[in-house]
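*Asks:* So you can see what is in the structure, the chains are spelled out below.
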Amino acid sequence: MDILLQQIINGLTTGSVYAVVALGYTMVYGVIQLINFAHGEVVMIGAMVAFSVITALAGSNLPPLVIVLAGVMAAVPACMLMGFLLERVAYRPLRHAPRLAPLITAIGMSIILQHLALLVWGRNPLAFPQIIDNRVFGIGGAAISSVQIAIILMSLAMMAGLSWFVYRTRFGIAIRATAENVHVAGLMGVNADRVIAATFIIGAGLGAVAGVMYGSYYGIAHYTMGFNLGLKAFSAAVLGGIGNIAGAMLGGILLGLVEALGTGYVGELTDLCTWPMAHGWLGERCADGGHFVLFGSNYQDVFAFLTLILVLVFRPSGLLGERVSERA
Amino acid sequence: MKTTRSGVSEKANACESRRYAVAKSHRERVGLVLVAVALMAFVLASAGTAWVRITNFAVLFVLLSLGLNIVVGFAGLLDLGYIAFYAVGAYVYALLASPHFGLHLPFWIILPIGAAVACLAGIVLGAPTLRLRGDYLAIVTLGFGEIVRIFMNNLSSPVNLTNGPKGINRIDPFQIGPLKFSASDTFGSLIFSGPIKYYYFLLLVLLAVIVINRRLQDSRIGRAWVAIREDEIAAKAGGINTRNIKLLAFAMGASFGGIAGGMFAAIQGFVSPESFILNESIMVLAMVVLGGMGNIWGVIAGAALLSFVPELLRYTVEPAQRALFGKLLVDPEVLRMLVFGLALVLTMRFRPAGLWPETRHRRELNEGRV
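From first to last, the protein sequence lines stand for chains W and V.
According to the working numbering, the residues represented by the first sequence are 1 to 328, in order.
According to the working numbering, the residues represented by the second sequence are 1 to 370, in order.
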C-alpha cells in the first residue's frame, strides 16, 4: 500500500512537470498546427539560466527562497524572449510553407539551441545547489518532500492561471478564435500574428518554470535534458488530444502516473517465479527466493509510449481531442 | 489540304526524331553517370579509405531515405520511428552471423530474412495505426521506434538475447565464395580494399532499389499511394483498398530499412542500441524532406548532402578557425553541429518544399496550411 501511495506521489510530481511543458506544445499546436520540437530545448535553457543565477547567489546571505525565486525570475523572461525569437526568426517565414518544412526548421533550431547551451554551460551535468532545506513529510507510510509539494502546487497554480487567461480574458478569446479558424478570427479583428507570438511566449514562460522545477527535483541540469523531457511532454499533449489545453494537463498527469506505477510494479508482476505455472520449468532458478524478472524498471519509457499507443488506437484523436487533422 | 497534311506529318516526324535524340542522349547521360559513380571508389580511395567508408555510410542513408520516402513521400504517412526497421535488420544480421549465438549464416540468406522480419515489424506497426492521421501517427511511430530501441537495450536479462547496451560485436563480414569483404584483394595493379568492395555491393543494391522505386512510383500501387496522400476518403470512394495499400507502404518501407540495416551490421561489424536512437529517425526524415519528398532524385540528393556536409565540416572547421584566428575558439564538434542546424533552418527558409521537390507534391502540400 505504501509503495502504491509513494509511486502516486512521485507520478504526480513528474506528471505535473510534464503537464506544464505539454501546455507549451499544445498551445502552439492549437493555433498553427505546428509541433514545436524546439520547445524542449527552451525548457532546458530555462533550467540552465536558473542554475547560473542560483549558483551565483548561493554564497550570498539572501534567504534561500529568494534565491530560487530570483532564478525563476531570470529564467522566465529569458525563455520568453527565446520563444518570441524562435517564432519570429524560424517559424513565421514558413507559415505558408509545406507542412513538414517547419518541422525540419524546428529540428534545426533544436540542434542549434542544444549546442549553444553546450558552448555556454559545458558538456558535464550541472548539480543544482541544494540551498533549500528539503524536508520530508510522511503520509500513510509514504514520503513526500517539500520540493515535491512545491512542484505540484506551483503546477496547479500555473494551470489554473492559464485556464483563467484563456477562458476568461479578452486575449484568451482571441487565442481560442485563432485556434478555431485563423482567417475568420482575422476578419473579426484579431491580430493573428500577435496571438501566435503570444502563444509561443506564454508556452516558453511556462516551460522555463517547468525547467527549474525539473532541475531542482532531480538536482541536475544538462544540455540534453530538454530532449527527453520534451518528448514525454509532447506525448502527454498528444495523449490528451493535441491542441486541447485541458487535454495537455490530463495527459501530463496521466503519463506521470502511468510511468511511476508501471516502473514500481512491473518487476513484481513479471517475475515468473511468482507465477505458479512457471515453477515447473524454472525450478532451479527460482529456488532460494531467486527471481526471473522479464521486465524490470529499466522499461520505464516503454510504459509511457505503450499507454500512448493504446490510447490512440482506441481514441485516434486523444482523450479530449476533437479535431482530426486531415493529412500528414 | 495536301500541304497541311504533309506539314503535319513532317512536324510529327521531326518530333519523333527529336524524341529519339532526347532518349538517346538521356541514355548516354545515365551511362556516363554510372561509369563516373563506379570509378568514384578509386578517387575516394586515393583521398583515404576513410572517405570510402564515409561514402558507404552515405549510401546506406540514401537507401534508408528511399525507404522512408515510400512511407512519407509517396503515401503521406508521417513516420518518426523509421530507424526501428533499420535496427531490426541490423540485429537480425548480428544475431544470425556472429559468435553471440554461434550462428554464421551467409549474408544472402540473412538479408532476405532481415527484410522479412522488418516487413513484419512494419505491418505490426501499421495495422493498429491505420485510423491515425498526421501528427498522431507521427507520435505513435516515434513511440514504436523508442520501444524497439529500449527492448534492444534491455533484452540482456533474464535471457541474453541482444547483449544489452554493450551491443553485439565480431559480426561476420560479407563473403562470396573465396572473396572476403573484410580483406584486401589485388587484381593486377588494382587494389580492392574491404570498403571498396562494400561500395560496389552497395551501388548494386542502390541501383536495384532505385529501379524498384521508379517502377513502383508509376505503378497502380504508386498511384494508389498518391491518391491516399492527396485525399484518403476520395481514394476509398475511388475503389482503393486503403487499408491494404497503407499497410503495403509500411511493409515496403520497412523492408528497405531492414536490408539497409543488415548491410550496416556487416560493414560496421558491430551493432548496439546507440546507433538507433530517435535522432537517427529524425535525421533520415530531414534527408527526405530537405531533398524534396516524393521525388526520388531529390531524396537521394538530400541524403547524400546531409551525410557528406557534416563530414566535410569535420575536416574544414578546425583548419578554418586556425587560419582565421590563429587558434581554436570553438570546439569544432560543436561548431559543426551549429552549422548543420543552421543549414537545416536556412534551407527550409529559402526552399520550403525541399531542394528538388516533386511538382505535384508541392502543389498538394501548399493546401490546408494556415
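If you're looking for bench data, these hints aren't it; they were derived computationally from the structure.
Quantities reported herein were computed from a predicted structural model and do not represent experimental measurements.
Treat the hints with care, since some could be wrong.
[Unchecked claim] Reference excerpt, derived from the structure (chain W facing chain V, CB under 8 Å, subset only): (1) I67; (2) M73; (3) A74; (4) L100; (5) M109; (6) F292; (7) F305.
[To be verified] Some chain V residues close to chain W (C-beta under 8 Å, calculated; not the full set): (8) I147; (9) F308; (10) V309; (11) V334; (12) G341.
Even for Gly, the Cβ is constructed at its ideal location relative to N, Cα and C.
*Asks:* Work down the list of hints and note, for each, if the structure agrees.
*Replies:* Evaluation of the provided hints:
1. I67: With a minimum Cβ separation of about 30 Å from chain V (threshold 8 Å), the hint on I67(W) is violated.
2. M73: violated, 29 Å
3. A74: Since chain V brings no Cβ nearer than about 24 Å to A74(W), farther than 8 Å, the hint is violated.
4. L100: holds, 5 Å
5. M109: holds, 6 Å
6. F292: holds, 5 Å
7. F305: holds, 3 Å
8. I147: OK, holds: I147(V) within 8 Å of chain W, min 5 Å.
9. F308: violated, 17 Å
10. V309: violated, 13 Å
11. V334: holds, 5 Å
12. G341: holds, 3 Å
Figure legend: structure checked against the earlier numbered hints; hints not met, in rising order: 1, 2, 3, 9, 10.
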